[in-house]
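Residue numbers (the numbering used here), protein chains in the order written: chain U, 1 to 635; chain B, 1 to 262.
Quick caveat, the hints were computed from the structure, so don't treat them as lab data. One or more hints might be untrue.
Listed next, the stretches of chain U that the computed footprint assigns to chain B, with coverage defined by at least 3 CB atoms under 8 Å from CB atoms of chain B [to be verified]: (1) 175 to 184; (2) 310 to 324; (3) 505 to 514; (4) 587 to 596.
In silico lysine-lysine, PhoX-like type, Cα no more than 25 Å apart, as pairs [as the list claims (entries may be wrong)]: (5) U:K483 - B:K65; (6) B:K65 - B:K118; (7) B:K118 - U:K320; (8) B:K197 - U:K483.
Note that CB positions come from ideal geometry on N, CA and C, so glycine has one too.
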Amino acid sequence: MVMRSGVPGRRSGVRAPRRLRLIYRKFGQVAAWVALCAGLAQITVAQPTSPPPVRDPLMSLMMSQPRLELGPVRATAAFDPPVARPGMESVYRVTFNALEDMIKWPGEVPAPADLPLRAGAKGQILQMTGTNMQPRTTYNFRARAESPGRFTVPEFTVLVSGQPVVVPAASLEVMRDPPIPVTPPQMLILELPATNLFVGQSVTARILSPGLPGGVVQALAQAQINGQGLIMDQSASRQRIETVIRNGTAIPTYIFETLVTPIAAGKLSVFAQGYSVGNRFTGTIIIQGPAVIPGGLPQYTLVDSDPVELVVRPLPSEGKLPGFTGAVGSFTLEPPQLSSGRLQVGEPVRLTVRVRGSGNLARLVAPPAPRSSEWQVLAASGENIPPQVRQAQGFAVFHYTLVPLAEGERSTPPIPFCYFDPERETYVDLTIPSLPVVVESGRMAADRRPLAQARKLAARTEQDELALSGLSAAPGPAARSLKPLQQRVWFPLMHVGPGMVLLGLFLWDRRRRYLEQHPAIVWRRRARRALQRQRRALRRAVRRGDAGQFAVIGVSALKVASAPHYPAEPRALVGADILPLLPEADRAGAAGEAVRRVFAAADALEFGPTAPAWDSLLSLHPGLERALAILEAKL
Amino acid sequence: MSVQPRSPETGGTSPRLRWWRGMVLAVLAGAVLAAEAQADGNLFQEGVAAYRSGDYARAADAFGKEAVLRPASGTLLNLGNAEWQRGQTGRAILAWERARWLDPFNNQARNNLAFARKTAQLESPRLTWFEVVSTWLPNSAWAWIAALSLWTAVGLVTLPGILRAPKAAWHQAVAACGLAVFLLSLPAHLGIHTRSKLGFILEKDTPLRLTPTQEAQYVTRLAAGEPARWVRYSRGYVLVRTSRAAGWVEQGQLGLTVPSDR
Chain U
1 MVMRSGVPGR RSGVRAPRRL RLIYRKFGQV AAWVALCAGL AQITVAQPTS PPPVRDPLMS
61 LMMSQPRLEL GPVRATAAFD PPVARPGMES VYRVTFNALE DMIKWPGEVP APADLPLRAG
121 AKGQILQMTG TNMQPRTTYN FRARAESPGR FTVPEFTVLV SGQPVVVPAA SLEVMRDPPI
181 PVTPPQMLIL ELPATNLFVG QSVTARILSP GLPGGVVQAL AQAQINGQGL IMDQSASRQR
241 IETVIRNGTA IPTYIFETLV TPIAAGKLSV FAQGYSVGNR FTGTIIIQGP AVIPGGLPQY
301 TLVDSDPVEL VVRPLPSEGK LPGFTGAVGS FTLEPPQLSS GRLQVGEPVR LTVRVRGSGN
361 LARLVAPPAP RSSEWQVLAA SGENIPPQVR QAQGFAVFHY TLVPLAEGER STPPIPFCYF
421 DPERETYVDL TIPSLPVVVE SGRMAADRRP LAQARKLAAR TEQDELALSG LSAAPGPAAR
481 SLKPLQQRVW FPLMHVGPGM VLLGLFLWDR RRRYLEQHPA IVWRRRARRA LQRQRRALRR
541 AVRRGDAGQF AVIGVSALKV ASAPHYPAEP RALVGADILP LLPEADRAGA AGEAVRRVFA
601 AADALEFGPT APAWDSLLSL HPGLERALAI LEAKL
Chain B
1 MSVQPRSPET GGTSPRLRWW RGMVLAVLAG AVLAAEAQAD GNLFQEGVAA YRSGDYARAA
61 DAFGKEAVLR PASGTLLNLG NAEWQRGQTG RAILAWERAR WLDPFNNQAR NNLAFARKTA
121 QLESPRLTWF EVVSTWLPNS AWAWIAALSL WTAVGLVTLP GILRAPKAAW HQAVAACGLA
181 VFLLSLPAHL GIHTRSKLGF ILEKDTPLRL TPTQEAQYVT RLAAGEPARW VRYSRGYVLV
241 RTSRAAGWVE QGQLGLTVPS DR
């Protein structure tokens, strides 16, 4: 083998073997790569390192919470106390280890008929079980048996997440002389300073949890006041333990105070509930007097109070003053402060108003900014503090920004404000007064000029704002029905009367005109009537035997019956005028004879010197009647 | 003890006894009438007291009874207020419309209607021109105006001839005026007639059905207080026409301005 001296790889006289050359080449490539990586590593190290990813704090908080344990759902049911005296209340309590939203509670519990159950509190709490939390949902019912016996609520089924869960049976033993001392169930007491309130009137409600025998006091968790039309201000709640004298006995009592405000009028039924949680106090608590705080793990028991009836009246609409924003209570106004007393047109100034008082101070709303053609008043801004702080400090501060729009203004505009005083049941004026200022001329911004002009228009439209009116003091004129007159039956019928009257008048007029054209009809009718009268008189004269009257009346009757036939005036007729009206046979007969003799007798009576002979005159009556009948038939 | 014979004419009672009996009956009748009047007045006052104490359900009940007994504009206004406070928008609007039906000059009812419609985002009923004319005066006023003007015209045309009085110029003028007033009042009567068929939906989300059956397809849902015109009745359902659509609603879900006899 021939070896070349010198540097390996270098072309020399001695040529390295091929394998060795390959090894050299590979070594060189590896060395280059190592150098390149080392260089890159140097460059990378020289740059700043990126921070490690930071976990979202909310996510961290969530992840740090104990796990919610949702195992097989079980239900427990028991009476508290299980032994009671007749008339004594006991609490029927059903508890599930499930969330409240998972439970579909039945409408009614199958309780015995002589053990009525009254629904009470229901609630959910998360109970620590080691490192996990377990939900506990409890339903309370009040039970009261008036007679001794054993009362059993049978087992029944409740759907939890769609799956049936059996609530076991529970029994209550009611005995007149129980063998063991019976203690009443733990109950809360809800105290309200007044039960006759106005809408929006805030009152401090106290939930009292009297201590157990032995002075053991348990804290309350999730204390709340249930009821429709009521809001509870949790932010204004306080808790303490103090000794309360009840029924002559000093009892250490846990007291939870909060602010409640009715928001609906009417009769409201409210009750308090909470979980007795032993020594698990949340927040600051003041302890006055001796009290025993139990140790160990708490037993979460849902307790409630008897319901309290509230009568809530609406705020009267009468006497409401401008600027009312729902303030109910008793308030005073401190002198408002202006940031500057000398201004230029268009220069904003700050008005600070401080309202003190008692009532719903935490939710006090600032009066609306008034509309003025000389000022632009921006809506008030309150201090950015929590409501409970505002309630605790006892005053509320509002800041208004005022911009003068006209030169020469001497005072700020008053801001109407009022509150309702429930004690006096009247609205009290609390208008923020004007403050003296000096407004000098200045450069008004261009965008404020149309604003100033629009102010006057806005002031007018403000008067047209709609609102529900008050009650009418009187019913007003009453109608018989809502149905309009036009659709009632009697109204069209009523018009039949005038129509009939007019129709009658029309017909009467037509008849009258006809009779005017045919007077003989009237004469004959009159003659018939007169003849009837004369014939009656004639018969009377015959009955009396008065021949003279017979002759006179007979002549008159003949004349009356004959007159329309000519026609002529009856008095102008003579016997010779009557006879032609009789038929030929009657003219020669008794009728004609009677006519002639009656006329003769009448003439003799009237014109003769001596009285005529009346002997047979009355015997002419039949003939005369015949003549009158003939004449009457012709009429 | 003597027993007086019973005469058949008097039924055995003496005139004095009859007089006393009549007096007692008259006093009792007066007391009953006074009690009824007092009860009627009490209903209104009871409603006012209940309203002021916040018991709106009782107030609405009292005002409703009073409105049935004696429909009056003020009673219906208060009924509307009570219903509004109870959250019954449809019934409140119906009561206020009825108040305006009786008294078109009731500005409080008009204001409340505007307020309620603005608050509940409801539209006013679209009235035709003759219906608008009919709202200018109370319904009874239009009726009496038409009756008096008609009979005045007819009387002045016919009576002078019948009574043979010389026809004067003023007879003709008054008759012409009466006839003109009567003719001008006719559109108002037509408006009253059509407005009496105007109703308002009482319950919120009232379904408007395609057919008068319980299983009918819904055309749309109507808001409480929405106006609808009565077209026809069939088996407990009413065919109504609204500004949006026509369809059937249950009879109890529609309150007519003038209650139907059906």
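Now the hints, each set against the structure:
1. Residues of the segment 175 to 184 of chain U lying with their CB closer than 8 Å to a CB of chain B number 0, which falls below the three-residue condition for coverage.
2. Only residues whose beta carbon comes within less than 8 Å of a beta carbon in chain B count, and the segment 310 to 324 of chain U has 5; three or more means the coverage holds.
3. Coverage of a stretch by a chain is defined here by at least three residues with a beta carbon nearer than 8 Å to that chain's beta carbons; for the segment 505 to 514 of chain U and chain B the count is 4, and the condition holds.
4. Figure legend: the segment 587 to 596 of chain U, annotated as covered by chain B; annotation inconsistent (0 residues with Cβ-Cβ distances under 8 Å, at least 3 required).
5. The hinted pair formed by K483 of chain U and K65 of chain B meets the criterion: a straight-line CA distance of about 17 Å does not exceed 25 Å.
6. Distance restraint check for K65 of chain B and K118 of chain B: the Cα-Cα separation of roughly 28 Å exceeds the 25 Å cut-off, and the hinted pair is therefore not satisfied.
7. Between K118 of chain B and K320 of chain U, the direct Cα distance comes to roughly 22 Å. Compliance with the 25 Å bound is thereby established for this hinted pair.
8. A hinted pair counts as satisfied when its Cα atoms are at most 25 Å apart, and K197 of chain B with K483 of chain U qualifies at roughly 11 Å.
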